[in-house]
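Asks: Residue numbers (this note's numbering): 1 to 262.
Hints in this document: simulated from the structure, not taken from any laboratory.
Hints should not be assumed to be uniformly reliable.
[Unchecked claim] Label-pair ranges, simulated between beta-carbon atoms: (1) L250 <-> F191: 46 to 54 Å; (2) K259 <-> N151: 20 to 28 Å; (3) S255 <-> Y217: 52 to 60 Å; (4) F181 <-> N151: 21 to 29 Å.
Think of the CB as a built atom: it goes at the ideal place given N, C-alpha and C, for glycine as much as any other residue.
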Amino acid sequence: MQRYEEKFNSIDTAMITEISERTSGQIEEKLQGLWKQATKREEEKSATIWLKNKTNGFKTMKPHMPVELLQSRDRSPSYPENDIWDNEEWTQIRGQRKTGKREDAEETQVIEKLKRPEQTTAKPTCSSELNKTTNRIDPKVINLSSTKLDNSQIDLLIKGFKFTPTPTPNTTILKSDIQQFSRRLRLREYFGNGKFDDGSLVRNKSTFTPNTGRDEYLDSFIDTISKLPINYHNTKQNLSRREKKSQEELKNNPSIIFKRSR
1 MQRYEEKFNS
11 IDTAMITEIS
21 ERTSGQIEEK
31 LQGLWKQATK
41 REEEKSATIW
51 LKNKTNGFKT
61 MKPHMPVELL
71 QSRDRSPSYP
81 ENDIWDNEEW
91 TQIRGQRKTG
101 KREDAEETQV
111 IEKLKRPEQT
121 TAKPTCSSEL
131 NKTTNRIDPK
141 VINLSSTKLD
151 NSQIDLLIKG
161 FKFTPTPTPN
171 TTILKSDIQQ
181 FSRRLRLREY
191 FGNGKFDDGS
201 LVRNKSTFTP
211 NTGRDEYLDS
221 FIDTISKLPI
231 NYHNTKQNLS
241 RREKKSQEEL
251 KNNPSIIFKR
261 SR
C-alpha cells in the first residue's frame with residue numbers, strides 16, 4: 001500500500017509540474033481539472049476491484065484502504081475547483097482549430113504536445129544525401145569519375161537531361177547582330193539591286209559601311225532598333241546562384257563526361 005501511494009504521488013506530482021510548466025492561466029486550470037477527474041476515476045475503479053476481491057476471500061488487506069482511495073486529494077491548492085468537462089466539451093477542444101486568438105492557439109499547441117512527443121530529425125544537407133554505409137550517391141546520379149561532386153552539383157544533375165535552364169540573354173552578341181543587320185540594310189540601300197562581279201579568286205572581306213543621311217526613313221528605323229532595351233529582368237530564373245556556378249564548373253571541366261544510364 002505504501003509503495004502504491006509513493007508511486008502514485010510521484011507520477012501525480014510530475015504530471016502537475018509538467019502542466020504548470022507548459023501552460024498558464026485558464027488553460028492550466030482546465031488541464032488540472034481534467035487530470036484530477038481522471039485520477040479520481042482510476043481510484044474509484046481500483047476501490048471497486050479491491051472490494052470485489054475482498055468478498056472473494058482477500059481479507060488480509062487493511063479495512064480502511066477503500067476509504068483512503070476514495071478520499072479526494074487536492075493536488076493543486078493554488079487553483080480553485082473548476083467546472084468538470086464532459087466528453088463532448090473535451091472532444092470539441094481537441095478538435096478545435098486555430099481562430100487567431102492567443103488562448104485558442106496556445107491551447108491547441110498544448111494538446112498536440114501532450115498527445116505525442118516532439119521528434120527532431122536532422123535536415124539533409126542536399127536532396128541526395130551520401131549513403132554512409134556504401135559511400136554511394138543517390139541512384140539518380142552515379143559518379144564514376146575521380147572528381148568529387150559537391151551538394152549543389154549533385155542537386156543540379158538530379159534534375160536530369162530534360163531540364164532546361166532559363167537562358168540568359170547575351171547582350172554582346174545581341175548588339176553585334178543589330179549592328180550587322182543595320183549595315184546590311186545600308187548596303188542594300190546604297191547598292192540597290194545591282195550585282196558586282198569580282199573575278200579574283202581570293203579577296204579580303206569588305207568592311208565598307210555607307211554613311212548616314214542618304215535615306216531619312218532608314219536612318220530613323222536603324223536609330224530606333226539600336227535604342228531598344230536589351231536587358232530583360234522580368235525573366236524568372238529556375239536555377240539558384242549556386243546551381244548556376246555549378247553549371248559553369250561542370251561545363252568547363254573537360255575530365256567529366258555526362259551520359260544517360262541504361
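Asks: Just pull the numbers of the violated hints for me, sorted ascending.
Replies: 4
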